[in-house]
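Line by line, the protein sequences give chains L and G. When the letters of the first sequence are read in order and numbered with our numbering, they come out as residues 1445 to 1994. When the letters of the second sequence are read in order and numbered with our numbering, they come out as residues 1445 to 1994.
The hints are simulated quantities; they were obtained by calculation from the structure and are not laboratory data. The beta carbon of each residue, even a glycine, is placed where N, CA and C say it ideally should be. Don't take each hint at face value.
In silico contact screen, one side only, chain L against chain G (beta carbon under 7 Å); selected entries [to be verified]:
id: 1; residue: V1660
id: 2; residue: M1696
id: 3; residue: R1700
id: 4; residue: D1703
id: 5; residue: R1706
id: 6; residue: P1727
id: 7; residue: P1731
id: 8; residue: P1766
id: 9; residue: S1769
Number of protein chains: 2
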Amino acid sequence: MRSALLCAAIALAAIASPAAAEQLIDNVNGITLDARGRVVRFTGLVIDDEGKVERLLERGDRRPERPDTRLDARGRTLMPGFIDAHGHVMGLGFSALTLDLTPARTLAEAQRLIADYAAANPQRPWIIGRGWNQESWGLGRFPTAADLDQVVADRPVWLERVDGHAGWANSAAMRAAGITEQTEAPAGGRIEKTGRAPNGIFVDAAAELVQRVVPVPSPKDRDAALARAQDILLRLGITTIADMGTSLDDWMTFRRAGDEDRLGVRILSYASSVPEMLTIAGPRPTPWLYGDRLRMLGVKIYADGALGSRGAWLIAPYHDAPNTSGLSLIEDTRLRNLMSRATMDGFQVAIHAIGDRANRQVLDAIAELAESYPGGDRRWRVEHAQVLSPADLPRLAQHGTIASMQPIHQVSDRQMAEARLGPERLSGAYAWATVLRDGGRLAFGSDVPVESADPLAGFAAAISREGSDGQPAGGWQPQEKVTREQALAGFTTGGAFAGFAEDRLGRLAPGMQADFVLIDGDPLEASPAEIRAMRVAETWVGGRRRFVRR
Amino acid sequence: MRSALLCAAIALAAIASPAAAEQLIDNVNGITLDARGRVVRFTGLVIDDEGKVERLLERGDRRPERPDTRLDARGRTLMPGFIDAHGHVMGLGFSALTLDLTPARTLAEAQRLIADYAAANPQRPWIIGRGWNQESWGLGRFPTAADLDQVVADRPVWLERVDGHAGWANSAAMRAAGITEQTEAPAGGRIEKTGRAPNGIFVDAAAELVQRVVPVPSPKDRDAALARAQDILLRLGITTIADMGTSLDDWMTFRRAGDEDRLGVRILSYASSVPEMLTIAGPRPTPWLYGDRLRMLGVKIYADGALGSRGAWLIAPYHDAPNTSGLSLIEDTRLRNLMSRATMDGFQVAIHAIGDRANRQVLDAIAELAESYPGGDRRWRVEHAQVLSPADLPRLAQHGTIASMQPIHQVSDRQMAEARLGPERLSGAYAWATVLRDGGRLAFGSDVPVESADPLAGFAAAISREGSDGQPAGGWQPQEKVTREQALAGFTTGGAFAGFAEDRLGRLAPGMQADFVLIDGDPLEASPAEIRAMRVAETWVGGRRRFVRR
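Please model the entire structure based on the sequences and the hints provided.
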């Protein structure tokens, strides 16, 4: 009785003055893919009171008479929110809050940034940062502790390489970590030396020798980092990101945000280890939490390192370092055990593999696991899949495997990759079009904060294989460009499918989450240079406007 | 427009045939306390569609005309669901799933139970259990590894004492843990010996020497244990429990249950350590989660052990062991540091203190902290507060301190306490009435699984200080009995206040959660023996019937 009366009152109120939340976004240049991957155009979007798409309107379709709100988009492009299929959410937040060395184009510029940051932050007991890349400095060597000691000697300095696969310490940091000539590098790691003395560079697993003495962030620091990461992602139009390597502390930070309704971006979480996956999610992937804003569905495993630090595991030695073929980070047996452990409880497996040898190892393991666990919808993810032997490329299309690739890496890595790989191996590098031609599935991402998360830059790279300067004109290894529609799929439906979310994310259609961006300009029509210059004007997640460019 | 139409449709449907959920529980012998602690009687309860109390009805009040559901309670007593202010949720679940030795009244009976369990569970690599109490066996000594080896020699056996303050291992378990004559007990622990050889008993902190090699439960085991614990609690009429010492794994288990709507009992969580508190809750207590069903609001700290194992820290030596005064588990400075760490971020502190020396230490620390953090509503909790020097008893009423006590302990411990304490100290033992007379606040609980969680048994103990056999007639130290109304408060409003939940739990009044039980018989009228024989007929949490006795 009471509820009947209450509802009648609401009904009256709604007729007199709309209070609930049916929303109309009208006058848009609407673009989405449909369930079969075809481009659909529309001119209006109706959102229901749960933040889902009610319907798409074409020119001439009747508009709702009294939507609760109506927005005239004045011809802007409205397209699905971008899905970044591979990023590091907390890494992005922390890198935005700590010293960022990515602008440095020379060692001297890096030193100036470090000195300025230390002077501006006298209360910080450690100087922490990331983003250096000696390759772009033309240094011809790694930087050293001595280079750092020149600018900061009073406290420890610890700086991660741009790809996260090496760390650079000053002498105070090495002292704090107890590093001496006698310190041995752990398996999967390398300590760079000058003569017999460690010179400040710790590659891959060796970085942990210093990392373990770095003060850990407080929960408050973590909350601030997540807030910052979300700001950055929403500003770039990213409405969903796959977090590749969620630690327990990361997860607790995501949950705090969810519990307090501070989770604006959707996070598909892959645990940073099997034990963390089991602690967090328990006997199976978590349900979708907070209205599809958070879910742990799998685990991230590393097969090798990265090209820049020569940690990527290659079949043949490095072209520019014939004494090494990189580092394998996991033995075959252990890889299969971890994959089994995850798979038997229905968790998805995402394996980092950059070098051709690592990719072969992973594809071998997938083939074997697919046989052991037949019938299921496993969606084995190979993360990066950067360099493959031509013989292995078609295998990326087998067993329901997904190639989770980052177009922007190709642009940033081009010259380094040429140096590392030499000419023969380049045809199997960043081979997006080949993956699709072989019938494989792509999911595009950024690897943020290794790269900028900007999906429009990634989109432009995917269709042009040109750098931000337009070089090389016509594209590097241009046969591997993808079409605009394929790039759109890579950054929307591809990422949704890779995260078992194609029933709710990645497309605009009735019942799907109303996650979208408004952009000046049409990425399906514009030139790569125009696309790189585009800026997201608004970002909506679940029917809520989460970012507006002022 | 759309929502207006939809709502009008609902309104019509509601008039034709009620679909929403206004519920009437009628014809009840209703009892609750009001905000000022006075007993209120009523005959009907109306629950709104959010599961909260809409109103209490007196005889003659008009009933809702068309409630969505109506239950005739046929005169049963309806009272607020019991709040257990001190229990161990996962411990309860695991003890229900593992070997339970509490029924054993002699060593021989315990041995038979162990042998039977081992025979019935041949696949279990370890035999795990708890609940033994050599005091009730008339053994005059601790049991030994040899006693266990007689019945299980093929695999490790590890059995916790009833109070959780000692463990009993067989030789296989000691071998697995690498225990030898050379093994030294850690600070705060003791290894019992026969001659120079460890004989199987590990007291307090020493138990960890064996515990650390016991296989840890899987997430699936944990989920099963939580389900079992909830079944037991709901069957006993407990709708809210303070979980004293939530580990990270416990918390993740609670969250899984909440995420999947399997959380039937409300849990007020106190982390088992400050680091776990910070990892789980972050910079402040969590919000209420899952509709007031879960919240982490503080931390549990141990000041001493328990009387039974002579781990309680006394001012004067044990009456029956003049060579020891028990064990202090934390230094003054560390206790203050942990309390500060929690308090400065708004977390509540709950400190286990059983012996009079430990209680003095805790009261000293509270006095000091209350001065360092003035003005706030801190609600310092002293857990157990079992034995206090008469000089210290009035201090339990200072600084907003709460005495979180377990009436059933008095009944179970009586003879043991007399032996341990001798006659002089008994007047300050389990001194509930004195706490109230001094103006202090009580919260009653059970310490389940150390004791049965049955709140009606606790209620009877509180008002009678007689055992389940009615002995000693008239009550032990009868001046410390409380009134029926005080017992009701202890198990309802007292526990709510102790958990910062008095705005939503513990009483039945408009806007409060509709958490209640139906019982045959009236605890405010019946004799202690009758109350002990009462059984809860139904348990409702948030307006949902969660248990019905068949």
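Hint-by-hint comparison with the structure:
Checking V1660 (chain L) against chain G by beta carbon gives a least distance of about 10 Å; that is not within 7 Å, so the hint is violated. The beta carbon of M1696 (chain L) is positioned within 7 Å of a beta carbon in chain G (closest approach about 6 Å), and the interface hint is therefore held. For R1700 (chain L), the shortest C-beta to C-beta distance to chain G is roughly 5 Å, which falls under 7 Å, so the interface hint holds. With its C-beta approaching chain G no nearer than about 5 Å, D1703 (chain L) sits inside the 7 Å limit, and its interface hint holds.
A cut of 7 Å between beta carbons decides the hint on R1706 (chain L): the least distance to chain G is about 11 Å, and the hint is violated. Interface hint at P1727 (chain L): satisfied, since its Cβ lies 4 Å from the closest Cβ of chain G, which is below the 7 Å cut-off. Taking 7 Å as the C-beta cut-off, the interface hint given for P1731 (chain L) holds, the closest approach to chain G being about 5 Å. This hint is violated: P1766 (chain L) has a C-beta 47 Å from the nearest C-beta of chain G, more than the 7 Å allowed.
Among the interface hints, the one on S1769 (chain L) is violated; its C-beta lies about 39 Å from the nearest C-beta in chain G, farther than the 7 Å criterion.
Going through the hint list in order, the structure does not satisfy hints 1, 5, 8 and 9.
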